[in-house]
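Take the sequences, apply the hints, and build the full model.
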Amino acid sequence: MNNKKAAIIGAGMSGITLARCLAKEGWEIDLFEKSRGLGGRLSTRRGDGWQCDHGAQYFTARDASFLSEVQHWIHRGWVAPWPASIGIYQEGSFRPSTDPIQRYVGTPRMNEMLQHDLESIRIHRQLRISSMVREDKRWTLLDDAYQPVGLGFHVVLLALPAAQAGQLVHKHSTSLFQTTQSVTMTPSWAAMCTANATRDLEWDALFVNEGPLRWICHDRFKPGREGSDTWLLHATAEWSEAHWDDEPAKVGADLQNAFLALTGITTDAPHMHRWLYADIANPLMLGSVLESESGIGLCGDWLCGGKVQGAWLSGRDLANRILS
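Using my numbering, you'd call the opening residue of the sequence shown number 1060 and step up by one each time.
In case anyone wonders, no lab produced these hints; they're calculated from the structure. There may be inaccurate statements among the hints.
[As the list claims (entries may be wrong)] Okay, derived cross-link-like pairs now, BS3-like style, lysine-lysine, Cα gap no bigger than 30 Å in a straight line:
#1 Lys1064 with Lys1196
#2 Lys1064 with Lys1093
#3 Lys1063 with Lys1093
#4 Lys1063 with Lys1083
#5 Lys1309 with Lys1083
#6 Lys1309 with Lys1063
#7 Lys1230 with Lys1063
#8 Lys1093 with Lys1083
#9 Lys1196 with Lys1063
#10 Lys1196 with Lys1230
#11 Lys1093 with Lys1309
#12 Lys1196 with Lys1093
#13 Lys1196 with Lys1366
#14 Lys1230 with Lys1093
#15 Lys1064 with Lys1309
#16 Lys1366 with Lys1064
#17 Lys1309 with Lys1230
#18 Lys1083 with Lys1064
None of the values given here were measured: they were computed from a predicted structure.
What follows is the structure, encoded as structure tokens:
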């Protein structure tokens, strides 16, 4: 398999896991990411004296192989258990969550475990791939200006949300396009708020089962965090979709008011982010998909049950399909 060239589009958990697995076996890897940072929804926003995890809030490890990898990350100092007190708000009252599951976070940022062991991988940041062309069983990638940015790839592997993968494969594979169209991904507005004053609460994070919010979290209380007293507010998919085109300032004020009603805590004007592909309504259980005749593969949490664990398992599954 030496001297094989792979283009991987998307540098989230699944894409980086896939890249590491193939590079370890001698593949030549180019990893393309449209954003400045790595990690996708494993994101932490930083500002003047503050930081806040505004995407994935934590992850769990139920699969034995993923749990082993998490223990490796903990040993390296990239991940820590999060012994959070979690609450639930429903029908006008609070109660503690009795779920005993262990939660983990990256330290000091959610994507820390993705920043290492990348020495043999060429990473192209802030580069959006708009289309792909295949000639003589080799792939060329084109940027937004339709200029070649990568040549001679044996395979193109898409570690992207289903809709974004569909945009790239629809001209090349009816089967893969249909797979991407079978999944519905849901949005979420995120508000990152700096508190004006600290107030003691019985919980560090709260699942909210009514109103515009679905989750709030005292980000400052996560392991390894520094800076101002920040809170993360995630809106529900339904509310986010209904208010998707509203002005960010208006959305932020609405979520602030909902947070104030729940906690009594006032905050400064929030920093806002729109996650178009925040979650998966109907994740598949395919692991990954590899179409040998076209040389296109798909991986991502949407193909493997969702969540961070699903993304890691999917990236590894696609690597195993290619290597076998």
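- Message: Run the distance test for Lys1196 versus Lys1366: straight-line Cα separation, threshold 30 Å.
- Response: Distance ~34 Å between Lys1196 and Lys1366 Cα, so the pair is violated.
Q) Is the straight-line distance between the alpha-carbon of Lys1093 and that of Lys1083 30 Å or less? A) Within the cut-off at roughly 24 Å; holds.
Taking only the CA atoms, is the gap from Lys1309 to Lys1230 under or equal to 30 Å?
-> With Cα atoms ~39 Å apart, Lys1309 and Lys1230 exceed 30 Å; violated.
Given the hint that Lys1230 pairs with Lys1063, test it: the Cα-Cα distance must not exceed 30 Å. holds, 24 Å
Note to self: Checking one constraint from the list: CA of Lys1064 to CA of Lys1093, max 30 Å. Satisfied?
What the structure shows: holds, 20 Å
(request) Measure nothing beyond the straight line between the CA atoms of Lys1093 and Lys1309; if it is 30 Å or shorter, mark the hint as holding. (result) holds, 28 Å
Verify the proposed pairing of Lys1063 with Lys1083, using a straight-line Cα cut of 30 Å.
This hinted pair holds, its Cα atoms lying about 12 Å apart.
- Is the straight-line distance between the alpha-carbon of Lys1064 and that of Lys1309 30 Å or less? The hint is violated at about 47 Å.
Proposed proximity, Lys1063 with Lys1196 (alpha carbon, max 30 Å) = holds, 12 Å
Is the Cα-Cα distance between Lys1309 and Lys1063 30 Å or less? violated, 51 Å
- request: Assess, step by step, whether the Cα of Lys1309 is no farther than 30 Å from the Cα of Lys1083, and give holds or violated.
  value: With a Cα-Cα distance of about 48 Å, the restraint between Lys1309 and Lys1083 is violated, given a limit of 30 Å.
Next pair to validate is Lys1063 with Lys1093; report whether the Cα-Cα distance is within 30 Å.
Within the cut-off at roughly 24 Å; holds.
Taken one by one, the earlier hints fail for this structure at numbers 5, 6, 13, 15, 17, listed in ascending order.
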